[in-house]
Amino acid sequence: MAVMTYRDALNEALAEEMERDDSVFLMGEEVAEYDGAYKVSRGLLDRFGDARVVDTPISELGFAGLGVGAAMAGLRPVIEFMTFNFAFLALDQVINNAAKTHYMTNGQLHVPIVFRGPNGAALQLAAQHSQACETYFVHAPGVKLVNPATPADAKGLLKAAIRDDDPVVVMESELLYNARGDVPEGEHVVPLGVADVKAEGTDVTIISHGQMVHVALQAARTLEKEDISAEVLDLRSLRPLDMEAILGSVHKTNRAVYVEECWPFTGIGAQIVALIQDEGFDDLDAPVQRITQADVPMPYARNLEKQSKPDAARVVDACRKVLYRN
Amino acid sequence: MATKVHMEALSPTMEEGQVVKWLKAEGDEIAAGDLLAEIETDKATMELVARGDGVLRAILLGEGRTAPVGDVIAVIAAADEDVSELVAAAAPASTASPAAEVEEEPARTAAPTATPPSHAAPATTPPPTTPPPTPQPTPPVVRTDTPAAPAAEARKDGGRLRASPVARRLAREAGLRLEAVVGSGPRGRIVKRDIEAALAAGTATAPAPMPDVPGEDFVDVPLTQIRKTIARRLVESLGPVPHFFLTADADMARATELRQQFNELELGARISFNDIVIKATALALARHPECNAWWGGDHVRRHNRVHIGVAVAIDDGLITPVVRDAHARPVAEISNEVKELASLARAKRLTPDQYTGSTFSISNLGMFGIEQFTGVINPPEAGILAVGAVEERPVALDGRVVVRPRMRMTMSCDHRIIDGAQGARFLATLKDVLEKPLSVLL
Amino acid sequence: MPDSAVRDASTSAAPAVIEGFPAEQVLGFLREMLIYRRFEQKAEEAYAIGKIGGFCHLHTGQEGVALGFVGPLRPDDYALSAYREHTLALAKGISARAAMAELYGRVGGCSGGKGGSMHLFSAKHNFMGGWGIVGGQIPLATGLGWAIRYRGEDRVCVCFLGDAAVNQGSFHESLNMAAIWKLPVIYVVENNGYGMGTAFNRVTTTPMVEKSRAHGIPAHYVDGQDVLAVWRLMEDLLDRVRDGAGPQFVDAETYRFKGHSMSDPVSGTYRSKEEVESRVREDDPIAHVRDLLIQSGHLTRESLERMDEEVRELVEDAADFADRSPLPPEDSLHEFVYSDMDVHGRLFFDGRGG
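Chains A, B and C supply the protein sequences, listed in that same order. FYI, the numbering for the first sequence is 10 to 335, going by the working numbering. FYI, the numbering for the second sequence is 3 to 444, going by the working numbering. FYI, the numbering for the third sequence is -17 to 336, going by the working numbering.
To be clear, the hints were calculated from the coordinates, so they are not data collected in a lab. Take these hints with a grain of salt, some might be off.
What the hints assert, rightly or not - Selected chain A positions facing chain C (Cβ under 8 Å, derived; list incomplete):
1. F72
2. G76
3. A79
4. H111
5. D174
6. V203
As the list claims (entries may be wrong) - Cβ pair distances, simulated, as ranges:
7. B:P224 / A:R29: 52 to 58 Å
8. A:E209 / C:F331: 23 to 29 Å
9. B:V51 / C:G35: 18 to 24 Å
10. B:D222 / C:F331: 27 to 33 Å
Heads up, the beta-carbon is just placed ideally off N, CA and C, and yes, glycines get one too.
Could you build the full structure based on these sequences and the hints that come with them?
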């Protein structure tokens, strides 16, 4: 085990995979000479050269689509969006071209590409630079999506994503880049579609992913003082979705709270709730609660921003509610 | 090379077309682009254009005839070209529908699946008469025998008992009646902790089973192939619920006597012929569960409890309040309940659980002097009994013509669920009960 | 193209070369383009009787572009286009049977019936689609070029786009990147003058040949109705690109004889009947080659009819094959959404596990 930051874990994953497979290359804005806008690609240019660590023009649509074409030809591009806020420009390429090609070609072509970059709310970046974008991507069959919460998962999931034969969107939580944690040394691959229990409990399941896992853990600690035992389930992957883990935990606790940074309307939580009511109905003791970003564009003002975000206090309240404790 | 002239889709929604007029005759020289025929589509008369050069060698669809889009309706070819094979191949196509080319639809149950009327967990139905006592606070109270009061809290509005899914599951697994549990959740919802408390108290298990009702409240019988075929065929013939009708004529002399004697007892309750019919029908149904059934689309649900829907005329129509467990309750009680339900119905104050969930229905127009009529089945039930007036009629008895009080009953049966003989056996039992009516009082 | 005006000609005195091409090769061009023409006519007919559904964009009139740019490619070169691609697919080697069956949505189609008219693919032939969004294929072509350069290969990617696509951001982003990295991509605008119902001159103020200038990519003009000219240009461009000249841009002027799609009239408010008729009469790429061959004595009325008969039989056979080919099986619905269905967790949310 080595203690490292989430950022360095991602960097290590990239370096190891580029070392392992020379069809892997990294492309995006400022990834090479600038070492990455968030320094995830620090040192990679020196190590792998400018044929494999490639600065691009500010052309998200163009280089995302270039990546898809290169993947169709058998390379394994890692396309970095400086942030997912800018990925909307490339959505046509991700949804219409990357996600559907394997199907549309009846299996003749694969698109083994990774789209990665920071995602989620940051601090006072306002409406256009501070938002969670999971739903846009995860909606489309053909896309896989992961959102790690810890350095170890960041490394393991990115490595799995690069090795996967389908398009995988790796959403990194911007606020976690400096988070430190144990990372297993050497070959550490976290399979896509396997959730992880980050805290065991018996009374209520708090389901989450990415940055919000830490909010859930904080809520669990508060609940512990009230003698409520909360299980924190980190999905890690949103597609494939580990429904067995979700249903298993709800079977045990009979109550579920979902925490996400996306907006509530057709958010990830809506899907989770639909699946629990469909397949875990007889296990429920209370309607599943969702804690989400407020249904507004991110406000700039510090107080409003705080008010709009999911936080541990709201999660605690929701847990009390499903336990009929308030 | 020969060119096949197809019936083309000349409008976006056109599925077949009729040749109004051929503009070319067999033997005419044709160039691509020439107008060949006028075709009547579903919208207008359109022109069909040649797609090849040559001679119009064969017209395969006469004027005034119709063919589906895609059929070959003529052949254009060189004057000396052999088109016999083409013509032969095309011939059957002009009669067959193109649907033949489409992948065959997987066989489906043709009948619409009748949704049973809201059956909010039959086990939750409490006796309708007990008034709710003051709701008790925690700890939850558990009762054993007389299911009654506490549940009322959970049922306050609309009468539905509220319980979380896991509470329902745990209660079911433990054999615990939810009516016996006080809900501590919002709006009286029974939640998991309430069940746990009840089980911990140890008194709640093994609820008294309904009299005469062993085990579950119903049995679902999967449809056999022949049952499925009957269901599908009859629906095609007669609409979604294929009715057939059976009429029986019962001698009501002893029933008349019985009714008189009962009412002379001045028990504070007077029973009507209809009350007797309800009870008798329920008893007969209990002996013929195949008639006490619901159509479920892919199965038939045979009920072990008999809930009789009684048609009541109201100002703007008809409603059938439900007498629950009519097979197991005294006729006097049935009589009282029917009166109460009828007055609630007229006042439009019936709650959904008072008019849903019937397993069989009865409509009685005797009070209007109607001798005989047929009722329309209330889906998904297997049948409805249409009851005429009790009238004195001459009948042959032991070789002599005598005048007796008689009553005609016509049962409408859903042929998907029951066949003639089954209905007849049920009706024979019913007639027997009515003619030897002592069991009605038991 | 049987034509009553065709004169019989003696082949004895025929020169062996026509405009620098061996006569045999030019005869081959004629036959190939006839296949494209008859294929599209068959598609039109099949569409009219409901065998083909959805959008169906015919290439009729643009056969010279298809053959002239795709014919000189090596099998390992890539070609891709937007949705008017039936004949490009044929040119790249996809059989008429596989292409027609795809139009019919049948399992024997080159995309297994899952793509349809707009999404013909054959990885084996390096025909990379078949893309439905205007301009969406241009970055993909750039990526294919990137992969060629990344691996140090001498393959080339030819990317077809319509004239209207040059106004998409994807075009400019792609050309810029292709120029920066000197990618082996030839961007061919099939300039038929209209983006659906909008004349190109209504949506631009600069000529087509100038569109690549800002990106530093050499531009070329060619008459797309003259397949010999197109072929010559393409051979030259392929040599240059394989030698490392970097991306090229071609304005190939052509004309669409049919409507934008099957649900669009051939002529209408945006172009007159007279315009269409005169272009069809005077600017048919197939008639052009036919006349060259007849004038040079390499084709007679009889040999042309024989050729056409063969071609029509080939196309008829393709349609018969398509008609016989079964619909894709129901259980293939979820197949090929992902490369590996057997992964952890659930990938589908409509009742299917895995």
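Do the hints match the structure? See the list:
1. F72: 7 Å, holds
2. G76: 6 Å, holds
3. A79: At 4 Å from the nearest chain C Cβ, A79 (chain A) passes the 8 Å test, so the hint holds.
4. H111: Because about 5 Å separates H111 (chain A) from the closest Cβ in chain C, which is inside the 8 Å limit, the hint holds.
5. D174: 4 Å, holds
6. V203: With a closest approach of 5 Å, the V203 (chain A) hint holds.
7. B:P224 / A:R29: 52 to 58 Å: 56 Å, holds
8. A:E209 / C:F331: 23 to 29 Å: At roughly 27 Å between Cβ atoms, F331 (chain C) and E209 (chain A) fall inside 23 to 29 Å, so the hint holds.
9. B:V51 / C:G35: 18 to 24 Å: Hint holds: Cβ distance 21 Å, inside 18 to 24 Å.
10. B:D222 / C:F331: 27 to 33 Å: Holds: the Cβ-Cβ distance is about 29 Å, inside 27 to 33 Å.
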